[in-house]
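**Q** Sequence:
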Amino acid sequence: TQEAMLTTAVCTPGSGQQCVFLTLDKANMQLIIDLAKGKYAEKAQLLRSIKLCAGVSKLTIKMLAMNVKAEQIPPNKVIVEQGTAPTQTYIIRRGFVRVVRKVQQSDVASGLASMSTVSSRKEVQEASAKGAKPSILDQQFVEVGLLGPTQFFGAVSVLELGKSNIMQAHLVSCRIMDVYTLSRLDVGKVSYEDREIMLTNARKQEGMIVKSDAEIIADFRVGRRWEGFRSNIMGGVTVQKQLNRKEALGFFEKGAPSGVRSFRRDEPPLEERSVGSHPFSVLGSVVIGYYEGASGQQAGAKS
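First residue of the sequence shown: 1, per full-length UniProt numbering; consecutive thereafter.
Capping the alpha-carbon separation at 30 Å, the derived lysine-lysine pairs in DSS-like fashion look like this:
| no. | residue 1 | residue 2 |
| --- | --- | --- |
| 1 | K51 | K69 |
| 2 | K204 | K69 |
| 3 | K189 | K51 |
| 4 | K69 | K189 |
| 5 | K62 | K204 |
Simulated restraints on C-beta separations:
| no. | residue 1 | residue 2 | range |
| --- | --- | --- | --- |
| 6 | S183 | R48 | 18 to 24 Å |
| 7 | T150 | E196 | 20 to 26 Å |
| 8 | G83 | A41 | 36 to 42 Å |
| 9 | S191 | K77 | 32 to 38 Å |
| 10 | E81 | R203 | 18 to 24 Å |
| 11 | L146 | G188 | 26 to 32 Å |
Hints in this document: simulated from the structure, not taken from any laboratory. Keep in mind the model is a prediction, meaning the values are calculated, not measured. Don't be surprised by glycine CBs; every beta carbon is placed ideally from N, CA and C.
Assemble the whole structure, with the sequences as input and the hints as a guide.
**A** Laid out in structure tokens, this is it:
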């Protein structure tokens, strides 16, 4: 037992001798036993495989493996809301997260809404340069990314100690997810050098998945006039509603608006399933999705 291991460490000093020994409490002793049994090997292996920990020392990997906590997140849960600062770093083990941004900026007085099919490219570019966008996207939710196993989010906010980093998008679970989490207290134990390496890695990753309003609109507008843009959005929504066979992970159709995701899956038609609620279903979202519920039921977002 642990108590026996501790008591046997006590020695009896001889004449004129001094005995010096160290003691371990139960928690630290259990930690040593767990390490010897390889309890943290799986966690360490996952940490070594993610880009967040690329280039950090083995000691840091072991320390993080001992501190990460396993959590399960239900489907269709808004894990982090746009405009808030995450208090934990999430590392995805199983499942997927949709990065959904609410577009805020208005195109009032931009001139873009008055653009027509005969407007010159220069006129459209000038309107775009004013930070304008079609009003159809004003206050709408647009999918700008998808995160899967070994990817992470919330790291910048946690690693930049003393600073509050606001998320520029909602992060929504697609299905039941298994994640590892690290708190600011856990990250605070990392050496300054390794923390800077992790912060650099985190900025690269999170910079790719969170786009600005202007970047979102630029993606939608490339090669299109205003009328063409609007018809593509509405046409994509109509086509999406008519799909009967869907795929769990999905793919982006070539040439389709980046907020519209098409799916294929060898399952019964959508009409035969029970449709539950979704975080954005009552908000007039252009995010079209397909989700797996905890009980196997499916939920979709309404346009």
